[in-house]
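Peer 1: Let the hints inform the model, and build the full structure from the sequences given.
There are 2 protein chains.
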Amino acid sequence: MSETKHTEFPRTERTTVRRKPDRGSYDRDLIYSILDEAFVCHLGLVHDGQPFVMPTNYVRDGDRLLLHGSTASRLMRTLASGAPLCLTVTLLDGIVFAPTATGHSVNYRSVVVLGKAEIVEGEATKMEAMHAFVNHVIRGRWEQVLAPTEQELKGTMVLQVPLREASAKVRTGFAVDDAKAYGAAWTGLVPMKWAAQTPIPDPRGNASIPVPENARNYSRTR
Amino acid sequence: MSETKHTEFPRTERTTVRRKPDRGSYDRDLIYSILDEAFVCHLGLVHDGQPFVMPTNYVRDGDRLLLHGSTASRLMRTLASGAPLCLTVTLLDGIVFAPTATGHSVNYRSVVVLGKAEIVEGEATKMEAMHAFVNHVIRGRWEQVLAPTEQELKGTMVLQVPLREASAKVRTGFAVDDAKAYGAAWTGLVPMKWAAQTPIPDPRGNASIPVPENARNYSRTR
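Respectively, the protein sequence lines represent chains A and B. As numbered in this note's numbering, residues 1 to 222 make up the first sequence, in order. As numbered in this note's numbering, residues 1 to 222 make up the second sequence, in order.
Rather than coming from a laboratory, the hints here were simulated on the basis of the structure. All values derive from a computational prediction rather than experimental measurement. Misleading hints may appear alongside valid ones.
The list makes no distinction among identical chains, and a pair is therefore deemed to hold if it is satisfied within one copy or across any two copies.
Said to hold, decoys possible - Pairs of lysine-lysine, DSBU-like flavour, derived with a Cα cap of 35 angstroms: (1) K116 / K154; (2) K20 / K180; (3) K154 / K180; (4) K20 / K116; (5) K193 / K20; (6) K154 / K20; (7) K116 / K193.
Peer 2: As structure tokens, then:
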């Protein structure tokens with residue numbers, strides 16, 4: 001049973017799901033699967049008592065999340081100072097059609113991570129992080145493009161957020177209204193997907209290169 | 001020129017876009033169009049110096065946003081107390097394929113709203129808010145389903161956030177790498193869309209009712 005210690009995150013005061021606790025989960029595999037499916041998070045920070053929430057890109061690397069940005073970015077510098085952060089990822093899976101107005105809902109999978117960021121130093125380590133970012137958003141893209149120059153790496157700050165305090169919240173399935181309410185309206189689910197459309201070539205690009213599989217079938221290759 | 005006073009939000013210290021300011025906008029029409037296209041926001045609050053970011057449903061009604069939840073919800077009670085909040089909405093529009101690793105980006109439209117929430121009282125007013133919520137997520141659904149009972153309305157807290165401090169940030173178009181970088185790799189855009197899939201009928205539902213247009217063509221009717 002030596003592996004069980006890794007299967008759940010501890011339920012802390014701050015990450016325990018209180019509202020609809022049956023939707024809460026602390027399962028590491030589930031949390032990691034949600035973090036790996038998305039690549040945009042909403043990052044919360046506090047400045048002078050005011051919360052700020054910004055969308056940003058991330059990638060999971062083992063038991064940590066990586067973030068990156070310009071060394072000139074105020075957000076990155078605040079994060080690097082060790083300010084408490086909340087990083088939330090939400091995948092919207094469907095719209096729930098209920099027989100009552102208040103029974104309506106959405107199906108979703110979300111993860112909340114609490115913690116602090118730390119600077120990742122070293123050219124080789126930063127290069128590995130950039131590799132992970134590019135290939136997380138577009139599989140195999142790193143191998144198709146020009147690697148960052150020394151100058152570009154210098155201008156990029158890479159941060160890591162160790163995954164120590166995290167929970168997931170998941171809603172699946174149909175409406176749960178009283179039986180007597182069903183009958184007047186159609187009820188069911190409309191599943192939703194982030195779907196890639198037909199690629200649009202860059203007019204500045206090399207027209208002799210065919211559209212690669214990771215662009216032509218973007219959603220399928222991720 | 002009496003209408004121009006409404007066309008832009010004031011650029012406050014807190015909402016001025018500093019990083020890539022050319023992507024920033026304070027245009028009310030643009031901000032409202034983003035708020036109206038989405039229906040899930042990420043809401044940031046502070047508790048004991050720690051930021052918390054939660055996904056939640058909203059609808060714009062004129063110059064305010066409406067939020068709702070159970071009167072038993074800690075989040076709703078904290079909001080109702082007038083705690084400073086940040087409400088962020090992000091629409092991911094596409095993946096930018098650049099010739100260099102660091103040139104990669106995503107196209108997006110986001111809005112950040114800063115402010116405080118206030119309780120909306122009164123049965124009729126709360127009923128109107130519920131109407132707006134349901135029809136914002138599913139057009140015309142309110143007219144198909146059972147309205148909230150007095151008991152359900154009592155258990156629901158409705159909050160409004162006056163739209164006073166807000167900004168948008170938008171990226172569009174292709175990569176902007178140096179001309180000499182183009183040539184080695186295909187470059188372009190993969191547009192992304194939240195796409196509704198085929199509706200799944202609820203096994204508890206009335207099978208004699210045909211799938212309505214707002215479920216059959218969900219994305220098109222929104």
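Peer 1: Determine for every hint whether it applies to the structure shown.
Peer 2: Taking the hints in turn, this is what the structure says about them:
1. K116 / K154: Only inside one copy: K116 and K154 sit 22 angstroms apart there, 40 angstroms across copies, limit 35 angstroms.
2. K20 / K180: within (23 angstroms within a copy, 55 angstroms between copies)
3. K154 / K180: between (64 angstroms within a copy, 21 angstroms between copies)
4. K20 / K116: both (27 angstroms within a copy, 25 angstroms between copies)
5. K193 / K20: both (25 angstroms within a copy, 30 angstroms between copies)
6. K154 / K20: between (46 angstroms within a copy, 19 angstroms between copies)
7. K116 / K193: both (31 angstroms within a copy, 33 angstroms between copies)
Of the numbered hints stated above, none is contradicted by the structure.
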